[in-house]
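S.K.: Spelled out, the chains give:
4 protein chains.
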Amino acid sequence: MDLQPILDGIAAKIAPHLSEGRVADYIPALARVEREQFGMAVVTCAGKTAQTGAADTLFSIQSISKAFTLTMALGKIGNDLWNRVGREPSGSAFNSIMQLETEHGIPRNPLINAGAIVVTDVILSHRAERGSRGSGDAGIDAIQEILDFMRLVADDPSIAIDREVAESEAAHGFRNASLANFMRSFGNMENPVERSLRVYFHQCAIAMSCRQLARAGLFLAADGRDPISGRKIVSPSRARRINAIMLTCGHYDASGDFAFKVGLPGKSGVGGGILCIVPDVAAIAVWSPGLNKSGNSHAGTLALEMLARETGWSIF
Amino acid sequence: MDLQPILDGIAAKIAPHLSEGRVADYIPALARVEREQFGMAVVTCAGKTAQTGAADTLFSIQSISKAFTLTMALGKIGNDLWNRVGREPSGSAFNSIMQLETEHGIPRNPLINAGAIVVTDVILSHRAERGSRGSGDAGIDAIQEILDFMRLVADDPSIAIDREVAESEAAHGFRNASLANFMRSFGNMENPVERSLRVYFHQCAIAMSCRQLARAGLFLAADGRDPISGRKIVSPSRARRINAIMLTCGHYDASGDFAFKVGLPGKSGVGGGILCIVPDVAAIAVWSPGLNKSGNSHAGTLALEMLARETGWSIF
Amino acid sequence: MDLQPILDGIAAKIAPHLSEGRVADYIPALARVEREQFGMAVVTCAGKTAQTGAADTLFSIQSISKAFTLTMALGKIGNDLWNRVGREPSGSAFNSIMQLETEHGIPRNPLINAGAIVVTDVILSHRAERGSRGSGDAGIDAIQEILDFMRLVADDPSIAIDREVAESEAAHGFRNASLANFMRSFGNMENPVERSLRVYFHQCAIAMSCRQLARAGLFLAADGRDPISGRKIVSPSRARRINAIMLTCGHYDASGDFAFKVGLPGKSGVGGGILCIVPDVAAIAVWSPGLNKSGNSHAGTLALEMLARETGWSIF
Amino acid sequence: MDLQPILDGIAAKIAPHLSEGRVADYIPALARVEREQFGMAVVTCAGKTAQTGAADTLFSIQSISKAFTLTMALGKIGNDLWNRVGREPSGSAFNSIMQLETEHGIPRNPLINAGAIVVTDVILSHRAERGSRGSGDAGIDAIQEILDFMRLVADDPSIAIDREVAESEAAHGFRNASLANFMRSFGNMENPVERSLRVYFHQCAIAMSCRQLARAGLFLAADGRDPISGRKIVSPSRARRINAIMLTCGHYDASGDFAFKVGLPGKSGVGGGILCIVPDVAAIAVWSPGLNKSGNSHAGTLALEMLARETGWSIF
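Chains D, A, H and C, in that order, are what the protein sequence lines are.
So the first sequence is residues 269 to 584, counted in this note's numbering.
So the second sequence is residues 269 to 584, counted in this note's numbering.
So the third sequence is residues 269 to 584, counted in this note's numbering.
So the fourth sequence is residues 269 to 584, counted in this note's numbering.
Derived from the structure by calculation, the hints contain no laboratory data.
Be aware that a few hints might be false.
A pair counts as met if it fits within one copy or between any two copies, since identical chains are not told apart.
Claimed, not checked - Once the Cα atoms are required to be at most 35 Å apart in a straight line, the calculated DSBU-like pairs of lysine-lysine come out as:
# : residue 1 : residue 2
1 : Lys500    : Lys281
2 : Lys344    : Lys281
3 : Lys529    : Lys500
4 : Lys529    : Lys561
5 : Lys500    : Lys344
6 : Lys316    : Lys529
Quick caveat: nothing in here was measured; it's all calculated off a predicted structure.
Given only the sequences and the hints, what does the whole structure look like? Please build it.
M.R.: Here it is as C-alpha cells:
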C-alpha cells in the first residue's frame with residue numbers, strides 16, 4: 269500500500285474542516301496556538317515513514333504522554349500498578365472527581381488525569397538510581413527520566429520540554445491539584461502532591477512533532493519491540509494490553525465513539541495531537557489544534573476516520 | 269492451527285475452576301442450573317468447527333441477545349438509532365439507572381439493559397410487515413421476528429425460546445420495568461412499556477448451545493456476511509462497528525478488564541454464556557454458569573483468556 | 269393580632285406577582301387551571317379563621333397529601349416506618365432516582381415521591397378492617413381510608429377526589445412507576461406496584477380549598493390534637509416530629525430556602541398549594557397555581573414570606 | 269424552670285453512654301482526647317447560666333466555628349454571599365465533593381466544609397482594615413479577626429487557638445485542599461488556596477468550653493443582640509435565618525435526624541461539641557468526644573434529646 273497519496277488526499281479533504289474546532293484555552297501558552305494547522309505521520313513496522321502537512325511542527329503532547337508513562341510505570345512495578353488504578357473506561361470527563369469519591373480514591377484508568385497522576389507518582393517513587401548524575405531533586409530526576417524515555421523510544425535526543433507550557437499548567441492546575449489532594453486523602457499518593465504534580469505538568473509539556481510521536485509509539489504496534497532499532501521496550505503481552513487500555517479509555521468519554529468510528533487504539537491530547545496504533549502494522553500521529561466538544565482534535569479525528577477507512581486498518 | 273487440542277487442553281485446565289463462580293439466582297429458572305458445566309465452540313470463517321465439553325447443551329443466552337437485536341435495529345433504522353441510545357461505555361453496572369437521570373433518558377449504549385430495551389422498542393415499532401402471517405399481536409410478531417433472525421444467522425430452525433425463563437423474567441423484572449418507565453417518562457420509549465418489556469424478556473430467554481451461538485455470530489467475524497451460507501447480514505463497516513461496541517461495552521463495568529485480558533470483542537450473558545468475535549478469523553462461544561462478581565461467566569472468561577493467549581487472536 | 273387586614277394586605281401586594289409562575293403542565297387536568305388565582309386561609313389553635321381571595325376554591329392538593337399519609341402510616345406501624353424510608357433531606361428533585369440506587373431502594377424521606385409511595389404501600393398493607401363495608405378491592409379500600417382521614421381532620425365530609433386528575437396522573441405516571449418498580453426490585457414495596465400507585469395517584473388527586481386544608485392541618489399546630497373538635501390525632505411528640513420533617517424535607521430541593529425565607533414547617537404540592545404549620549399558633553394554607561422553578565407555588569411562597577414577617581411567626 | 273436539676277439528671281443518665289462513640293482520629297491532636305468526658309452548659313436570654321459536668325473544659329470547636337464565620341461573612345457582604353454558596357441541605361457527608369462537580373463549584377451550604385471554606389475566603393477578602401495594628405500578613409489578620417469575633421460574642425478575651433491542632437489540621441488537610449482547589453478551578457475562591465485553608469484550619473482549632481460556647485451563641489437566640497451585653501451582632505431577621513440554616517444543614521447528612529429527634533437549630537463539630545439555639549429562650553453547648561457514625565457527638569446528641577424533651581424546647 270502506498271501511503272503517501274492516501275495521506276495527501278486526506279490532507280486535502282481535511283483542509284475545509286480546520287476551522288471547525290476550538291483551540292484549548294485554559295492556559296495562555298496553548299490558547300495562542302494557531303488553529304488552522306494540520307500534520308500527520310505514519311511509521312510502519314517495516315520502518316517506512318509517510319507524512320503530510322505540518323508533520324514536523326512541534327506541539328504539546330499533553331495527555332498523549334500518559335500512554336508512555338503508563339508503559340514506564342508498568343516496567344517499574346508491573347501488575348502492582350493495578351492496586352492503585354483501575355483499567356475500566358470512566359464514562360466521565362477527563363477531569364471528573366465524582367468516581368474518585370465513590371471508588372475511594374482509586375482512579376478508573378491510567379489515561380484520565382487522576383490515573384495519570386498516580387502513574388507519575390509511581391515513577392517518582394521508583395525513579396531510576398542516577399548515581400552521580402542525579403540532580404539531588406527527586407522531581408527533576410523524574411522529569412529527566414520521562415524525557416529520556418521519550419527520546420529513547422522516539423530515537424531522537426532532541427526532544428525537549430516546553431518550559432513555558434509546564435509553568436503555565438502549574439499556574440492553572442487547580443483541578444489537577446484537587447484530584448491529587450483527593451487521592452492523597454485516601455492514601456493513594458506517595459509523594460508530596462506538589463512534587464508529583466510538578467512532574468506531571470512537565471510530562472504534559474513535552475513538545476514533539478507528528479513524525480517523532482509516531483516513531484515513539486511504534487513499539488506498541490510491534491509487540492513491544494522497536495522494529496527499527498530492535499530495542500525491546502515491553503513484552504508482547506504488555507504492549508497488547510496497553511493498546512487495549514488505549515482503545516477503551518484513550519479518549520475520555522468519547523472513547524466508545526472513537527472505537528466506533530476509527531476502530532484503532534489511540535490516545536489524544538488537549539494540544540490537538542492523537543497517537544494511534546495499528547497492531548502489527550504501523551503507528552500514526554496526527555495533529556490539529558482545534559478540539560471537538562469532547563476535547564479531542566476535531567480534524568485529527570476526522571483524518572483518522574478517513575485513514576482507517578481507506579486502509580482497512582480497523583482492528584474490528 | 270489445529271484448534272481441537274487447544275480447546276481440549278483448555279477444558280482440562282478449566283475443570284478445577286468450575287466451582288468458583290456463583291450461578292445467577294434472581295429467577296428460579298436460572299438458579300437451578302447446575303454450576304459445574306462448561307462448553308466451548310469455535311466456528312472459523314473457513315467454515316470449520318471445533319468444540320469441547322458441553323458445547324451442544326442449551327442455555328439461556330440472556331444479554332448476548334443484545335448484540336443480535338442491535339444488528340436488527342441498525343438494519344431497520346440505521347444511524348437514527350444513535351439519537352435514542354449512545355455508544356459509550358457506561359462505567360456502571362448492567363442495570364444502573366443513575367446515568368439515565370443525568371443524561372435525560374438516553375442510555376449510554378445498546379448493550380446495557382436500558383439501551384437494549386430501547387433497541388427492542390425500535391424493533392417493535394419497525395417490525396416487518398407480516399401480512400396474513402401476522403399474529404395480530406405486535407409483541408408476538410416482534411418476538412417471532414427476533415427468533416427468526418436468530419435461526420437465520422445460526423442457520424438452525426430448531427432454536428427456540430424457553431418460555432419458563434421468559435415468564436420468570438417477567439415476574440421478577442422490576443428493575444427493567446423501572447428502567448423502561450424511566451425512559452418512557454423522557455419520551456424515549458415508543459410502545460407501551462409492558463409490550464416492549466415482554467419482547468425483551470423473550471429475547472433474553474432464547475436457548476442456544478455454544479455451537480449454535482458461535483455459528484450465529486460468525487457474520488460479525490466475516491465483514492457482515494455469513495461465510496458459510498454466503499448470506500449478507502450487514503455491511504462490512506457496520507459489522508466492524510458492532511464489534512467495536514462489543515469491545516468497549518460488552519461486559520458492563522468489566523468491559524475494560526475483558527479487553528485487557530482477552531483482547532476480543534465479546535458479549536456476555538447472565539446465563540453464563542459469552543460470544544467472542546475474532547475479526548476475519550472466527551466466532552467463539554463459551555458457557556459456564558458460575559458468574560464472577562461483575563456478572564460475567566467466571567470459567568468462561570478464564571477459558572477465553574487461555575484461548576486468546578494460545579492462538580494469539582487478540583486484536584491488539 | 270387581627271389577621272384579616274394582614275391577609276388582605278398580602279393579597280393586594282401579591283396581585284402583581286400572580287402571572288410570574290408557570291402552571292404545572294405534565295397532565296392536562298392541571299395544565300388548564302387558570303394561573304392568576306390566589307387564596308389564603310389561616311385557622312388558629314383558638315379556633316378562629318381568617319381568609320382572603322379564592323380561599324374556598326377547590327384545587328388538587330397533590331403532594332400536600334404526603335404529610336397526611338405520613339401521619340396515617342406512623343399511626344399504623346409507628347417507628348417501623350423508618351426501616352423503609354429515611355428522614356433526611358434529599359438535596360435532589362422530587363422525582364430523583366439516583367439516591368435510590370446508591371441507597372439500595374430506601375428513599376431519603378417520606379415527602380419526596382419515592383418515600384410517599386412507600387408510605388402509601390404501608391397504608392395499603394395495614395388498611396383498616398372494613399368488615400361488611402369493605403369493597404372487596406384493597407386499593408379502593410385504601411383510597412377510601414385516606415379520604416376518610418382527610419374528611420376527619422378537616423371536619424368536612426364533603427371532601428372528594430377529582431377522578432379526572434387521578435386518571436390523568438395514572439396515564440402519565442411513568443416516572444412514579446419507575447420509582448415504584450425500582451423500590452420493588454429492592455424488596456421495598458409489599459403490594460403490587462400498580463395497586464400502590466393507583467392509591468398514590470388518588471391521594472394526590474384529592475381536591476380541597478385553602479380553608480379546608482388549613483383546618484385539616486390544625487392538629488399539627490396543636491400538639492397532635494384538633495383544638496376545635498378535641499379529637500386526638502397523634503401524640504404531641506409525633507406531631508412535632510412530623511413538623512420537623514416538613515421543615516427539612518417539605519419543599520424538595522428548595523426546603524432549605526423555604527426554611528431560610530419563611531421559617532415554618534410546610535408542604536407544597538404541584539397544584540400550587542402550600543400547607544404551613546405555626547406550632548402552638550395556627551395552620552396556614554395558601555394556593556396559587558403558578559410554580560417557581562423548584563415546583564413550589566411562586567405567589568404562595570411570597571405570601572408566606574410576607575405573613576411570617578408581619579406576624580413574627582418564624583419558628584427561628 | 270430550674271435548669272440545674274435537669275442538667276444534673278441528664279449528666280447522670282448520660283454517664284453509661286460515654287463509652288459508646290468513637291473519638292475523631294484523623295489528626296493526632298484530636299485522637300488522644302480522652303473519650304469519656306461530658307459537659308453541658310445553658311445560658312438563657314435572661315442571662316442565667318446552668319452547667320453540668322466538664323462544662324469548663326476546653327475543647328476544639330472545629331466545625332461549630334462555621335456558624336460564627338457565616339455570621340461574620342454575612343456582616344461583610346450580606347446576601348451577595350449567596351452567589352457563592354447555597355443554603356440547601358446537601359444530603360451528603362461533610363467532605364463530599366460530588367455535588368461540587370455537578371453544581372459547578374458552588375457548595376450546597378455554608379456549614380459543610382466546602383461552603384465554610386468559601387465563607388473563610390470571603391472573610392479573608394473583606395477583612396477589616398487594621399491600619400497600624402495589621403500584621404502585614406493577610407492570613408494572620410483574618411485569623412485574628414475571627415478570634416476577636418469569638419472573644420466579642422463570648423465576652424471572654426481569654427479564648428485562644430490551639431496551635432498544635434491548627435498545625436495538625438494543616439498537615440492532614442488533603443481533603444479540604446482538594447475541595448478548595450476544586451472550587452478555585454471554577455473561580456469560586458478569591459485568595460490563594462493555601463492562605464484560605466490556613467485561616468480555615470485555625471478557625472477550626474479555636475478552643476472553648478461549653479460555658480464559653482453557649483455564651484457565644486446567645487445572640488442567635490436573642491434576635492441577633494447579645495441580651496447580656498446589649499451588643500447588637502446581627503439583625504433579628506438575619507439571626508433567624510442563620511438558625512434556619514443550622515437546623516436544615518448543621519449536622520451534615522444527619523441534619524434531618526437531629527431536627528426529628530431534638531428539634532432545635534444546632535451545629536456540631538468533630539471535636540465532640542454541639543451548639544444549639546432555642547430561639548427567644550437560650551443557647552446550649554454540649555460536649556463529649558465520642559462521635560456517632562455521622563460524625564456528631566454521640567452522648568451530646570442524646571443529652572440534647574433529653575433536654576429538649578424535658579424542657580419542651582423543640583421549636584416544632
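S.K.: So, for every hint listed, does it hold in this structure?
M.R.: These are the hints, each one checked on the structure:
1. Lys500 with Lys281: between (38 Å within a copy, 31 Å between copies)
2. Lys344 with Lys281: Between. Shortest inter-copy distance 31 Å satisfies the 35 Å Cα cut-off; intra-copy 43 Å does not.
3. Lys529 with Lys500: both (31 Å within a copy, 22 Å between copies)
4. Lys529 with Lys561: both (16 Å within a copy, 31 Å between copies)
5. Lys500 with Lys344: within (15 Å within a copy, 49 Å between copies)
6. Lys316 with Lys529: Both: 26 Å inside a copy, 31 Å across copies.
Hint check: no violations occur; every hint is consistent with the structure.
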